[in-house]
Amino acid sequence: METQGYLPRPDGERLAWKRVDGAGPTVVWLGGFMSDMAGTKAQALADWALASGRGYVRFDYLGHGESSGAFVDGTITRWRADALAVVDELTTGGVVLVGSSMGGWLACLTALARPERVTGMVLIAPAPDFTEKLMAPEIPPEGRAALAAEGVWMRPSEYGDPYPIRRTLLEDGARWSILNGQPIPIATPVRVLQGGQDPDVPWRHALELAQALKGEDVVFTLVRDGDHRLSRPQDIARLIAAVEEVV
1 METQGYLPRP
11 DGERLAWKRV
21 DGAGPTVVWL
31 GGFMSDMAGT
41 KAQALADWAL
51 ASGRGYVRFD
61 YLGHGESSGA
71 FVDGTITRWR
81 ADALAVVDEL
91 TTGGVVLVGS
101 SMGGWLACLT
111 ALARPERVTG
121 MVLIAPAPDF
131 TEKLMAPEIP
141 PEGRAALAAE
151 GVWMRPSEYG
161 DPYPIRRTLL
171 EDGARWSILN
181 GQPIPIATPV
191 RVLQGGQDPD
201 VPWRHALELA
211 QALKGEDVVF
221 TLVRDGDHRL
231 SRPQDIARLI
241 AAVEEVV
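The numbering of the sequence shown is the working numbering, which starts it at 1 and goes up by one.
What the hints contain is simulated information worked out from the structure, not anything from laboratory work. A virtual CB, placed ideally from N, CA and C, is assigned to each residue, including glycine. Hints may be right or wrong, so weigh each one.
[What the hints assert, rightly or not] Simulated restraints on C-beta separations:
1. 233 x 2: 19 to 27 Å
2. 199 x 168: 23 to 31 Å
3. 160 x 47: 42 to 50 Å
[Stated by the list, open to error] Okay, derived cross-link-like pairs now, SDA-like style, lysine to any residue, Cα gap no bigger than 20 Å in a straight line:
4. 18 x 4
5. 18 x 63
6. 214 x 234
7. 133 x 117
8. 214 x 237
9. 133 x 174
10. 133 x 119
11. 214 x 176
12. 133 x 91
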């Protein structure tokens with residue numbers, strides 16, 4: 001059975017969560033930028049946990065999905081704090097972090113902050129430093145003008161309506177850069193799944209992360225015809241197989 005609830009935060013906001021109680025280590029889903037815990041991959045992992053008797057937690061960051069707060073107020077600092085709160089307050093023992101896109105960055109930041117808790121990671125199209133290395137270079141002149149004058153820019157999206165990007169998101173993201181030419185001190189087993197046709201996260205970006213990780217048990221899988229979401233049936237099967245390798 002999957003239970004659900006809200007995790008109160010010190011500032012009065014609430015994080016929506018769903019949990020399957022089962023054998024550890026607990027798998028924790030970390031979604032992407034503007035994604036929520038109702039997505040295909042997050043739901044597939046819930047179904048897997050229920051069928052296999054594994055512990056599993058999924059949640060929505062501040063301003064995402066069923067959680068409170070405004071998306072425009074989110075920063076990497078805040079969403080990292082959300083992830084740490086979920087690990088600290090909703091799980092015990094070891095955890096395996098499964099992070100998609102921005103969630104891959106947050107998974108790494110969580111592993112760095114809680115090395116004694118994180119026993120493995122599966123990263124799907126991981127986007128570390130995306131605010132600085134993927135998003136900022138693509139901002140057009142009119143976007144830069146809006147950010148300078150108003151502090152916010154409505155960024156077009158091929159997935160839906162334009163959405164707000166605040167200057168504070170970009171500035172804050174730089175504080176949490178991990179692709180800086182130095183080894184990333186994460187020694188846990190890691191599986192990276194990356195689409196070769198991903199329009200949002202170049203496969204070389206994900207490979208740079210895989211190569212920077214300090215651990216020996218790091219496997220990078222390039223799905224040559226895969227997109228950013230990697231949500232096709234064959235992608236889901238590959239995801240579950242990767243999770244089963246590290247739990």
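Now the hints, each set against the structure:
1. In this structure the hint that residue 233 and residue 2 lie 19 to 27 Å apart at CB holds, the actual value being about 22 Å.
2. A beta carbon spacing of about 26 Å between residue 199 and residue 168 agrees with the range 23 to 31 Å that was offered as a hint.
3. Distance hint check for residue 160 and residue 47: the Cβ-Cβ separation is about 26 Å, which falls outside the suggested range of 42 to 50 Å.
4. Taking the CA atoms of residue 18 and residue 4, the gap is about 4 Å. The hint holds against a cut of 20 Å.
5. In summary, the hint linking residue 18 to residue 63 is supported, as the alpha carbons are separated by about 17 Å, within the 20 Å threshold.
6. A distance of roughly 29 Å separates the Cα atoms of residue 214 and residue 234; the hinted pair therefore is violated under the 20 Å criterion.
7. Between residue 133 and residue 117, the direct Cα distance comes to roughly 29 Å. Violation of the 20 Å bound is thereby established for this hinted pair.
8. Between the alpha carbons of residue 214 and residue 237 the distance comes to roughly 27 Å, so the proposed pair goes past 20 Å and is violated.
9. Proximity of residue 133 to residue 174 is assessed by CA-CA distance (about 9 Å); at most 20 Å being required, the pair is judged to hold.
10. For the proposed pair residue 133 and residue 119, the alpha carbon gap of about 28 Å is over 20 Å, so the pair is violated.
11. Using a Cα cut-off of 20 Å, the hinted pair residue 214 and residue 176 holds, with the two alpha carbons roughly 18 Å apart.
12. Pair hint residue 133 plus residue 91 does not hold up; C-alpha atoms about 32 Å apart against a cutoff of 20 Å.
Hint check: violations occur at hints 3, 6, 7, 8, 10 and 12; the rest are consistent with the structure.
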